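Take these sequences, add in the hints, and give me the full structure.
Residue numbers (this note's numbering), protein chains in the order written: chain A, 1 to 332; chain B, 1 to 332; chain C, 1 to 328; chain D, 1 to 328.
Worth flagging that the hints you see were computed from the coordinates, not collected in a lab. Model, not experiment: these values are computed from the prediction. Check each hint, because a few of them may be wrong.
Each computed BS3-like pair below joins lysine-lysine, with the alpha-carbon atoms no more than 25 Å apart [claimed, not checked]:
| id | chain 1 | residue 1 | chain 2 | residue 2 |
| --- | --- | --- | --- | --- |
| 1 | B | K258 | B | K222 |
| 2 | C | K308 | B | K33 |
| 3 | C | K110 | A | K83 |
Spelled out from the first residue to the last, the chains are:
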Amino acid sequence: MVSQQVDVGLIKAMYEEMLLVRKFEEKLIELSKEQGKLVGMQILAYGQEAVAVGIVKALEPDDVIVSNHRSHGHLLAKGADPKYLMAEIMGKATGVNKGKSGTLHMAVPEVNALMTTTIVGGGPPLAVGAAFAQQYQGTSNITVVFFGDGAAAEGSVHEAMNLAALWKLPVLFVCENNCWAGAQSFSEHCCLMDITQRAVGYGMPGELVDGNDVEKVFTLAKQMVSRCRNGQGPVLIEAKTYRMRGHGEHDHQHYVDKKELEAWARLDPVRCLKERMLTDGLVTEAELQVTDGQIDAKIDEAVQFASESPYPLPEEALQDLWVEDAVPQGYL
Amino acid sequence: MVSQQVDVGLIKAMYEEMLLVRKFEEKLIELSKEQGKLVGMQILAYGQEAVAVGIVKALEPDDVIVSNHRSHGHLLAKGADPKYLMAEIMGKATGVNKGKSGTLHMAVPEVNALMTTTIVGGGPPLAVGAAFAQQYQGTSNITVVFFGDGAAAEGSVHEAMNLAALWKLPVLFVCENNCWAGAQSFSEHCCLMDITQRAVGYGMPGELVDGNDVEKVFTLAKQMVSRCRNGQGPVLIEAKTYRMRGHGEHDHQHYVDKKELEAWARLDPVRCLKERMLTDGLVTEAELQVTDGQIDAKIDEAVQFASESPYPLPEEALQDLWVEDAVPQGYL
Amino acid sequence: MAVLSFGQAVNDALDVAMSKDDRVFIAGEGVGVSIHYDPNLPTHGLLEKYGRKRVKDTPVSEAAIAGLGIGASALGLRPVVEIMFFPFITLAMDMLVNHAAKLRYLSGGKSAFPLTVRLKAGVGFGAGCQHSHNLEAWLAHTPGLKVVFASTPADAKGLLLSAIFDPNPVIVIEEMLLYWMKGEVPEGDHRVPIGKARVVIPGNDCTVVTYGGAVYTVLEAVKTLSEEGISTEVIDLRSLVPLDKACLLDSVRRTGRLVVVHDATKFGGFGAEISAIVAEEAFDVLKAPIKRVAAPNIPVPASPPQEKFYKPSPEAVIAAVRATVGKG
Amino acid sequence: MAVLSFGQAVNDALDVAMSKDDRVFIAGEGVGVSIHYDPNLPTHGLLEKYGRKRVKDTPVSEAAIAGLGIGASALGLRPVVEIMFFPFITLAMDMLVNHAAKLRYLSGGKSAFPLTVRLKAGVGFGAGCQHSHNLEAWLAHTPGLKVVFASTPADAKGLLLSAIFDPNPVIVIEEMLLYWMKGEVPEGDHRVPIGKARVVIPGNDCTVVTYGGAVYTVLEAVKTLSEEGISTEVIDLRSLVPLDKACLLDSVRRTGRLVVVHDATKFGGFGAEISAIVAEEAFDVLKAPIKRVAAPNIPVPASPPQEKFYKPSPEAVIAAVRATVGKG
Ligand SMILES: Cc1ncc(C[n+]2csc(CCOP(=O)(O)OP(=O)(O)O)c2C)c(N)n1
Ligand SMILES: Cc1ncc(C[n+]2csc(CCOP(=O)(O)OP(=O)(O)O)c2C)c(N)n1
Ligand SMILES: [Mg+2]
Ligand SMILES: [Mg+2]
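Dropping the structure here:
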């Protein structure tokens, strides 16, 4: 299924995006150790960068993505500015959602990362609605929804896939199978080998891909995205990857076999891509250092911007509930 | 898959049960025309008798069934007394549920028809709980849950099948595909050929059967029930049948192709079985007349019992909410 | 003004909205092809008129139906989705509460969800507690949702049109048992503002606040009460969220007495909020205890005498008002 | 009496129930193996002690988790299922409301559903509105469900044990933020009766009714109030359903004043029911308006200053009580 060559410029671009996600999260790991710097639990996509970047690279700017609690990769790949994400994660007024969301449900409508939900399984029905609008409006845009292996157990995911298949909606369902749902391993919470086996029950294609290989992810995504665009209906992609850290930074993985962690560490998508680019002579160490420096600068700028930004005013919490500037007095 | 011969006595017994269901509902059709005689909508299993009887005949008395809004066949096959069902349908104090349920959610714990719900898709999660208890208690009993083709679209059904498969619970999921979900035909509400295709997505067997042939249904059920009993986990059976009348008696099927109705009328499970028994010489016309008379008498007795029974007292509506005799004064 | 049944008025509102704005579509179980064939039902004939693109029959999937509306509204459509019977909304609560009501707030005001959800409420058709269960109190307790509940054909039309073109999620509760009740209905794009109550009958001795089908229970009671010389002011809230507190408080300031009536169960029902607002903000003028007339705290029983017992009666309203004005 | 944290007290209750009755099992997402490793969390160590048969980690399927408990309870088990965070209960509402709460009634009293559902409530950990949303008002408005909400380790243990062995469905709401708070806890099968409130501090000038985490907001306020010579009677409801009306009304009859405090949003919150009961049944003794101190009608914002703003503060309670006793 996966065949054609991916162009070198694209590979480099994808590497840079993956590195941005990686360094963004490494910074979060660092900051999460400083008391009161970040708001709420820090849930990282560390190790899953290739899925987010490979899928989103296959999209057009007008395509919509619906993300979940593990959103940093999705949002940054779609073009969200790290400054405003960092500020949101710090709960600042300059945050992409003014601090109302915090880290768990950041939405970035500017880049069509239209809805993010931390309700596991909440994304697919929303994606069906977005895709319906795209079909209804006669556009050729599609909607991608990212969800986890654990989410696949939610009834909402079933209802969404069934409806998308029935109406041939342009939805790309991307299941990031990172081998864990909280502290439950995939085999503990699901008796299937692959979530793609579900696709049969909706009469849609179900495609497996190595989620740690961004080129494979991109190549498959390209094909499936155009399928959706052409009105052939939804597709389920399952990207096999691994949650290299705890569910969140508060999770110290006491329940994880260290051997398993080491095995997957050897498959670290960022490091592996870097090595492959070097071995195949796509980049030089020098070029990589430049890239590193540029991204570090971006991250530092984001942290500085966020740190220097003010918190929102307490009473501004009363804004943004309804479209009216103010909610009727009688109500609040 | 379906092979062994079904013994003659059993065929006759199943015919009699199917006829009981048929005549019980024919009586309801008649009574539903009398203003104020029956309570609420009358939802009939007319045409689906072979599924209920064939499946339940494969069960032991201690096995549990969970039924839905189209319950008459399930309940009568499991051994519910028509008298008390009829009284319930008339909303009488002598009804199997004292008139609190009315026709839509009649439960008959005495015969292990433990839970009936008219929430489409509500049954499977309840069945999973019942089957879990059977497994937990170390019994060899199983739970059968009946649901429709329309119900298969509910998220709750997915969650239930997934959990039952993961824990290898003794649940027999019986999808009565009667070609309709309300006024939506199967192809209008589902893009699959068969609901059994869903079984793949749970790693459980999915078996199709002609739901109008009670012998086939019984034979398959026998095999699948023993599979569940032996701890091999859940099974999905899809019985292809047809809703010969409207969704309820208030539905006059203006949206149904008359040719389709006629075609299925020729497959009427009760009439076909009767003819097959006559052609194969399993019964004589005379014997059938006796059976007819006996069942008519049962139905008449039920109607008389129900008609002569009093309505419950209004204030008795305050009873039966909680196990305590009376709900604390402070509350009501 | 045409005389239409309540159901026709809802149908008219959908028709007006769909004809004037292509962004409006309807979806739900049987909104296109229905097991009922009755021009008094809200979506009758719309499939024939607007076609399958805009009148969407869905599978039996309440969460997906809600999600469909939410997601489509985020892209600028004006979805009107139907959840068949009130108790089935329990299956869509995550979508409505954690998503429709919160996603705009979570976005910091960047997104909008101009969604309308239609629901059928009603006790009295013998279907029992899984078909009859008024849960408006839940919806009213959900910040981010607007909630309307009409009692007349004209309001049913006007509130639904306002809901469809409101930029926020609005829950529109319809009293099923009123679908066949006729009344005068303004033609065209008739809007009734969300958040404005209606004084059905002015009066001086006691304020009775109600909404939905219970309005008629109260009007029935008022006949007797006025014969007894008790002047009752009847307020039909029409909108539960936002609530017309001004109308409520102004009335109670004049009468000094309040009785709240609804068909939902009493404990934790919406009537408690009405009572609490008055006990907090108009206590000084209150001359008598605030009474609530509502259903007992049980599920709706199916048996006719018990279903009747469950439903608040004119007699109960009469007794409550008499007691409140000291003529009990 | 041992000194245990709130979470250990819940854990102790589960341990006692499981050791004395084989019919008791627990199920939920991560109740066995958890991403947290903390003895102060309710299910810590139970898998090791009772094994996989009785400590069931489930897939992420809230409706199935609820259905599991309901169905298993119908066959005589004593399930204790957990719905991780309060807003996720929206996904189990059909199972809990249309089934757990109604199936016994629908059976005419033939079946019983001795089910316990544990829920984690709490505002103040920066996770935002999809993790923090107190919806006890919904549950209290659902006939057929009992609802308890403890504020101390001893009550957390005693109410949970009563819930597990209660023959009806009981919703047990736990204030997450209290899990690490220590207190004295009776050993063994300690039961706190469901339906009995607790007078935390007796007083004469004003009754303050509260429950759950808000109890501590009130106690904080009382320090200042007593310094000002205002004698406040603090009632911790502990059970919302059935409600201890006797305790509530008796107190208000003595003080003549009432303030209700909870962390849930104000509009349509449970405080409205408390207020309405008093406005209806103790109006004659009321000397001042009934005030409610609760969260504003918005989702829980994540940003620290706004989350703090959302949560009812001791200052707000102080102001409300002062105003009520006329010293505002
Ligand atoms: C409806 C709901 N149930 C439970 C949770 C708690 N929760 C958050 S993440 C998670 C595990 C999800 O696993 P998966 O879908 O595989 O996503 P991953 O965390 O592995 O990316 C759970 C159970 C939730 N947020 N929403
Ligand atoms: C949750 C829920 N949604 C909708 C309904 C209304 N309803 C009752 S029966 C039915 C069709 C169900 O079709 P199917 O599952 O095939 O069962 P059948 O009626 O054909 O036996 C619908 C939509 C309901 N009772 N419950
Ligand atoms: Mg995962
Ligand atoms: Mg069907």
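Hint check results:
Under the criterion of a C-alpha separation no larger than 25 Å, the hint pairing K258 of chain B with K222 of chain B is inconsistent with the structure, at around 35 Å. For the hint linking K308 of chain C to K33 of chain B, the alpha-carbon distance of about 22 Å falls within 25 Å, and the restraint holds. A C-alpha spacing of about 17 Å is found between K110 of chain C and K83 of chain A, which places the hinted pair at or below 25 Å, so the restraint holds.
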